[in-house]
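Chemist: If you follow the hints, you should be able to join the two separate chains into one complex; please do so.
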Amino acid sequence: MIAIVDYGCGNIQSLENAFRKIGQETTLASTAKEIAEAKRIVLPGVGSFGQAMEKIRENGIEQALKRAALEKPFLGICLGMQILFEESEESKGEGLCRLKGSVKRFTVAKKVPQMGWNQVIPLSSRGLFEGIGEEWFFFANSFFAVPEKEAIAAESFYGKRFCAAVQKGNLAATQFHPEKSGNAGLKILRNFAKTEVK
Amino acid sequence: MLAKRIIPCLDCDLSGQSARVVKGTKFSELKYVGEPSKIAEKYYRGGADEICFLDITASAERRGTMLDVVRKSAAQVFVPLTVGGGISSEEEAVAAFKAGADKVSINTSAMLNPSLITTLSKKFGRQAVVVAIDAKHSGSGWKCSIYGGKELTEKDAVEWAKQAESLGAGEILLTSMDKDGTNSGFDLKLTKEVSESVGIPVIASGGAGSPKDLYGVLDKGEADAVLAAGIFQREDCSIAEAKEFLKEKGLEVRI
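Quick note, the sequences are listed as chains A and B, same order. Everything in the first sequence is counted per my numbering, starting at 1 for the first residue and increasing by one. Everything in the second sequence is counted per my numbering, starting at 199 for the first residue and increasing by one.
Looking at chain B on its own, in the form it has when it is part of the complex (with noise of 0.2 Å):
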């Protein structure tokens, strides 16, 4: 049986000197955690199915700190590497798999640019393409916002996953913004909508504030992955009690 993954994600500054990862809350408010590559060793020593690295400053100036902080993890971590953040064309796509990264995460340039997501696919296969898709609530249903989180757009989330799945996506990373950095749990309905609307994987995200948000997300959403950044740099939880957790409550998992 195919597990349920735990993917922790390193949201990552490059304004600075050298890269580092940051903690913020709905995105904004941002806190120093530590060097990228040392903390995804520690992650993919602790269990980690994947890692994901975002560049929330989404500078194609400092697009090479990126790399090398991508390069260095990939000497070390024998688990996929997801790279995202401002990714907005092939050569850049490119790059990332070259220093080492197996899929690429993106959304605006998604969202601007469609063919894009066709582009990456074709040439990468679909597992290496990640749209991800920025929630946020509004009326009944969901709309996309691009730029991290700066902008909404008219576009409905579920359809645009619809979308992109017959674009040639591998996956969806669905984060809702209603409920990022709040610990609050995920967005069950949304996950689930998305999650029953394709037959690609959906990773659900933001709102991880404990083990059983995790199995709430996996089970009731039916995601088949969590990313989670917070919970893990807090150290809330180890990533290894999170399966413990989700292995009792009779999730498949790897341990």
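Chain A on its own, in the form it takes in the complex (with noise of 0.2 Å):
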């Protein structure tokens, strides 16, 4: 079973609605327990990074998720991306460190937030992009993350390259929005719901 996590900064019922479509049960876990009980795990995220870190704060929730970012097959997606990393430009404060590097925010482009179908090149055709070559996704950002170079499971251009993906181990996440993205977005959610348990 998947869970997606719910500590009140994401939009929830798309991404139910999404792994319905793909025959993929899934549950919340807003608990520490529930997260650890959880096989699969998928941390979404709207707002600004310190929000978000205060919430899984506020929640009890920091070390649940960094553990199970360490154990099991793990998804964040967009904002739930980000704070896998140490740091953001947005808001002072640590991440969930789980990925070296930090989060940063567009300058060169003409509008922020990107907002809209961007194509993504996979640097991988295993895990997460299995099947997938250049397509478009849908991403709603300001900020993006700049991870270790091996991290990095795609690339997207915005005013400059950035990167549209992670996956290292168990843990792989997306800036894009998997869930609004048509075809090519179930396939990604269906990919991370076929990585192996350990």
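Honestly, the hints are just simulated from the structure, not real lab data. There's no promise every hint is true.
[Stated by the list, open to error] Per the computed footprint, the stretches of chain B lying under chain A, defined by three or more beta-carbons under 8 Å from a beta-carbon of chain A, are:
#: 1; stretch: 268-276
#: 2; stretch: 313-323
#: 3; stretch: 381-392
#: 4; stretch: 406-416
[Claimed, not checked] Label pairs and their calculated CB-CB ranges:
#: 5; chain 1: A; residue 1: Ser124; chain 2: B; residue 2: Ser382; range: 33 to 41 Å
#: 6; chain 1: B; residue 1: Arg432; chain 2: A; residue 2: Glu130; range: 37 to 45 Å
#: 7; chain 1: B; residue 1: Arg243; chain 2: A; residue 2: Glu54; range: 57 to 65 Å
#: 8; chain 1: A; residue 1: Arg67; chain 2: B; residue 2: Ser213; range: 50 to 58 Å
#: 9; chain 1: A; residue 1: Glu58; chain 2: B; residue 2: Gly448; range: 47 to 55 Å
#: 10; chain 1: B; residue 1: Leu350; chain 2: A; residue 2: Glu150; range: 55 to 63 Å
#: 11; chain 1: A; residue 1: Gly133; chain 2: B; residue 2: Asp417; range: 22 to 30 Å
#: 12; chain 1: A; residue 1: Arg67; chain 2: B; residue 2: Glu233; range: 45 to 53 Å
#: 13; chain 1: A; residue 1: Glu37; chain 2: B; residue 2: Ser213; range: 42 to 50 Å
#: 14; chain 1: A; residue 1: Lys149; chain 2: B; residue 2: Ser382; range: 48 to 56 Å
[What the hints assert, rightly or not] Using 25 Å as the maximum straight-line C-alpha spacing, the simulated BS3-like pairs for lysine-lysine come out as follows:
#: 15; chain 1: A; residue 1: Lys104; chain 2: B; residue 2: Lys321
#: 16; chain 1: A; residue 1: Lys21; chain 2: B; residue 2: Lys390
#: 17; chain 1: B; residue 1: Lys341; chain 2: B; residue 2: Lys387
#: 18; chain 1: A; residue 1: Lys111; chain 2: B; residue 2: Lys418
#: 19; chain 1: A; residue 1: Lys111; chain 2: B; residue 2: Lys348
#: 20; chain 1: B; residue 1: Lys270; chain 2: A; residue 2: Lys111
#: 21; chain 1: B; residue 1: Lys418; chain 2: A; residue 2: Lys160
#: 22; chain 1: B; residue 1: Lys221; chain 2: A; residue 2: Lys111
#: 23; chain 1: A; residue 1: Lys55; chain 2: B; residue 2: Lys387
#: 24; chain 1: B; residue 1: Lys240; chain 2: B; residue 2: Lys270
#: 25; chain 1: A; residue 1: Lys110; chain 2: B; residue 2: Lys418
#: 26; chain 1: A; residue 1: Lys187; chain 2: A; residue 2: Lys168
#: 27; chain 1: A; residue 1: Lys92; chain 2: B; residue 2: Lys321
#: 28; chain 1: B; residue 1: Lys390; chain 2: A; residue 2: Lys110
#: 29; chain 1: B; residue 1: Lys445; chain 2: A; residue 2: Lys111
#: 30; chain 1: A; residue 1: Lys149; chain 2: A; residue 2: Lys160
#: 31; chain 1: B; residue 1: Lys270; chain 2: A; residue 2: Lys55
#: 32; chain 1: B; residue 1: Lys221; chain 2: A; residue 2: Lys110
#: 33; chain 1: B; residue 1: Lys390; chain 2: B; residue 2: Lys418
#: 34; chain 1: B; residue 1: Lys236; chain 2: B; residue 2: Lys221
#: 35; chain 1: A; residue 1: Lys33; chain 2: A; residue 2: Lys55
#: 36; chain 1: A; residue 1: Lys72; chain 2: A; residue 2: Lys92
#: 37; chain 1: B; residue 1: Lys270; chain 2: A; residue 2: Lys110
#: 38; chain 1: A; residue 1: Lys110; chain 2: B; residue 2: Lys240
#: 39; chain 1: A; residue 1: Lys187; chain 2: B; residue 2: Lys296
#: 40; chain 1: A; residue 1: Lys160; chain 2: A; residue 2: Lys110
Computed from a predicted model, the values in this text were never measured in an experiment. Where is the CB? At the ideal position from N, CA and C, for every residue including glycine.
Modeler: Structure (structure tokens):
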């Protein structure tokens, strides 16, 4: 069963709908116990980096998320990707620190947020992007993560090249919204749903 | 590269037994078109980049009907959904998001209570807040109108767009009241002026009659997206045909 982390910072309905469409049941996880018991974790997120981390701490799920990110198939989406990093230009304070690097603001683009469909180039045909070539995905972000090179799973271009997705072992994350990216997005979710649980 | 977006809009009339999509000209003379969630699904399959549901009756008492439409659509349509028309409080926005909306569009309520933009933006993120502006030509510029075009305010449209951005809007949905429903092309001057004045995306609306019009406003008008109802409802051209045309003209589109 896939557990979607519910911490008051994300559009959960859209994710539930998308997983239902591909025949995957989901449940909501809002406590440390529920996160620990889940087989797979999806961490959504909208709003600001600082606000999301504050909610995570308020809900007492920081340690559980950190552990889950090491142990089981884990998918961060949008802000849920950004908070996996160490820090962000958006807000003070630490993220979940499960990926090395920081989150930066788009400065060279004419319009921020980046809002709409952008072409994504996978760097690996395994894992999240198995069976997916260059495709369009839906983005809605003002910030982007700058990970270690090895962790970058896909790139895109908005004023400059930026990281569109990461994958490091069981931990994967997308800056775009797979649940809002038509068939290509549903394929990403399918790939995540079939990753092996150790 | 980021693609220019085509957003079909479903003008929903909730005054009857069930929700219906209607088409009017200059905010009047309504014609029945069909059932909203079915039309939304058709547009999704046809290549729509997003879909916008507008409650033209802006009826607080029938809000439940609108939410049903969104709920039904969100289960089958996997592109962003925007809901607008009469949303005037945080609670109403929450209900829309819970039903599966990704963005809410606010117009009159934002004008009467600008802090609503900030409240929604802080709580749900900038990307979820679209401020809709109905602009009407007046003197040397454009004034904002509210209540679905029924009341003209003294507010300058370009100034209001800038303010909305600073208050936390993630996008501006700009409708030319003079062009709306005329099928005679967008107001390029208005769109360009607003687009150049803000650092957030501008969705142009009002006046789409042909793919050429869409191209005009995306190119010369510098819009980031176009919203249109009639052109797709009348099947003057399909979304795919419109995109092919834009691509031939050299614009980046998702095909």
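Chemist: Now tell me, hint by hint, if it's right for this structure.
Modeler: Structure-based check of each hint:
1. Closer than 8 Å: that is the beta-carbon criterion, and the stretch 268-276 of chain B has 4 residues meeting it against chain A, so the requirement of 3 holds.
2. Counting residues of the stretch 313-323 of chain B whose CB lies closer than 8 Å to any CB of chain A gives 4, which reaches the minimum of 3, so the coverage claim holds.
3. Here's how the stretch 381-392 of chain B fares: 0 of its residues keep a CB closer than 8 Å to some CB of chain A, so the rule of at least three is not met and the hint is violated.
4. With a threshold of 8 Å between beta carbons, the proposed coverage of the stretch 406-416 of chain B by chain A is violated, since 0 of its residues qualify and at least three are required.
5. Range check, Ser124(A) to Ser382(B): about 50 Å between beta-carbon atoms, so the 33 to 41 Å window is missed.
6. In this structure the hint that Arg432(B) and Glu130(A) lie 37 to 45 Å apart at CB holds, the actual value being about 42 Å.
7. The hint said 57 to 65 Å for the Cβ distance between Arg243(B) and Glu54(A), and at roughly 41 Å that hint is violated.
8. At roughly 53 Å, the beta-carbon separation of Arg67(A) and Ser213(B) lies within the given 50 to 58 Å, and the hint holds.
9. A hinted range of 47 to 55 Å holds for the C-beta pair Glu58(A) and Gly448(B), which are about 50 Å apart.
10. Here the CB-CB span from Leu350(B) to Glu150(A) is close to 59 Å, well matched to the stated 55 to 63 Å.
11. Gly133(A) and Asp417(B) have their C-beta atoms about 29 Å apart, which keeps the hinted 22 to 30 Å range intact.
12. Arg67(A) and Glu233(B) have their C-beta atoms about 47 Å apart, which keeps the hinted 45 to 53 Å range intact.
13. In this structure, Glu37(A) and Ser213(B) meet the distance hint of 42 to 50 Å, their C-beta atoms being roughly 48 Å apart.
14. The hint said 48 to 56 Å for the Cβ distance between Lys149(A) and Ser382(B), and at roughly 52 Å that hint holds.
15. Restraint check for Lys104(A) and Lys321(B): satisfied, since their Cα atoms lie roughly 21 Å apart, inside the 25 Å limit.
16. In summary, the hint linking Lys21(A) to Lys390(B) is not supported, as the alpha carbons are separated by about 40 Å, beyond the 25 Å threshold.
17. Our distance criterion of 25 Å between C-alpha atoms is met by Lys341(B) and Lys387(B), whose separation comes to about 14 Å.
18. Distance hint between Lys111(A) and Lys418(B) is fulfilled; the C-alpha atoms sit about 16 Å from each other, no more than 25 Å.
19. Restraint check for Lys111(A) and Lys348(B): the C-alpha separation of about 32 Å exceeds 25 Å, so the hint is violated.
20. Between Lys270(B) and Lys111(A), the direct Cα distance comes to roughly 32 Å. Violation of the 25 Å bound is thereby established for this hinted pair.
21. As the CA atoms of Lys418(B) and Lys160(A) are separated by approximately 24 Å, the hinted pair is consistent with the 25 Å bound.
22. Proximity of Lys221(B) to Lys111(A) is assessed by CA-CA distance (about 32 Å); at most 25 Å being required, the pair is judged violated.
23. The hinted pair formed by Lys55(A) and Lys387(B) fails the criterion: a straight-line CA distance of about 44 Å is larger than 25 Å.
24. A threshold of 25 Å between alpha carbons decides the hint, and for Lys240(B) with Lys270(B) the separation of about 13 Å falls inside it, so the pair holds.
25. Distance restraint check for Lys110(A) and Lys418(B): the Cα-Cα separation of roughly 16 Å lies within the 25 Å cut-off, and the hinted pair is therefore satisfied.
26. Note on Lys187(A) and Lys168(A): the hinted pairing holds, with a Cα-Cα distance of about 19 Å set against a maximum of 25 Å.
27. Restraint check for Lys92(A) and Lys321(B): the C-alpha separation of about 18 Å stays at or below 25 Å, so the hint holds.
28. Of the supplied pair hints, the one linking Lys390(B) and Lys110(A) holds, its CA atoms being roughly 14 Å apart against a limit of 25 Å.
29. Distance hint between Lys445(B) and Lys111(A) is fulfilled; the C-alpha atoms sit about 21 Å from each other, no more than 25 Å.
30. Our distance criterion of 25 Å between C-alpha atoms is met by Lys149(A) and Lys160(A), whose separation comes to about 16 Å.
31. For the proposed pair Lys270(B) and Lys55(A), the alpha carbon gap of about 30 Å is over 25 Å, so the pair is violated.
32. For the given pair, Lys221(B) sits about 34 Å from Lys110(A) by alpha-carbon distance, which is inconsistent with the 25 Å threshold.
33. Taking the CA atoms of Lys390(B) and Lys418(B), the gap is about 7 Å. The hint holds against a cut of 25 Å.
34. With a CA separation close to 16 Å, the supplied pair Lys236(B) and Lys221(B) stays within the 25 Å bound.
35. Only pairs whose Cα atoms come within 25 Å are accepted, and Lys33(A) paired with Lys55(A) is accepted, the gap being roughly 17 Å.
36. For the given pair, Lys72(A) sits about 28 Å from Lys92(A) by alpha-carbon distance, which is inconsistent with the 25 Å threshold.
37. A hinted pair counts as satisfied when its Cα atoms are at most 25 Å apart, and Lys270(B) with Lys110(A) does not qualify at roughly 36 Å.
38. Taking the CA atoms of Lys110(A) and Lys240(B), the gap is near 33 Å; set against the 25 Å cutoff, the hint is violated.
39. At most 25 Å may separate the alpha-carbon atoms for a hinted pair to count; Lys187(A) and Lys296(B) meet this at roughly 24 Å.
40. In summary, the hint linking Lys160(A) to Lys110(A) is supported, as the alpha carbons are separated by about 11 Å, within the 25 Å threshold.
Figure legend: structure checked against the earlier numbered hints; hints not met, in rising order: 3, 4, 5, 7, 16, 19, 20, 22, 23, 31, 32, 36, 37 and 38.
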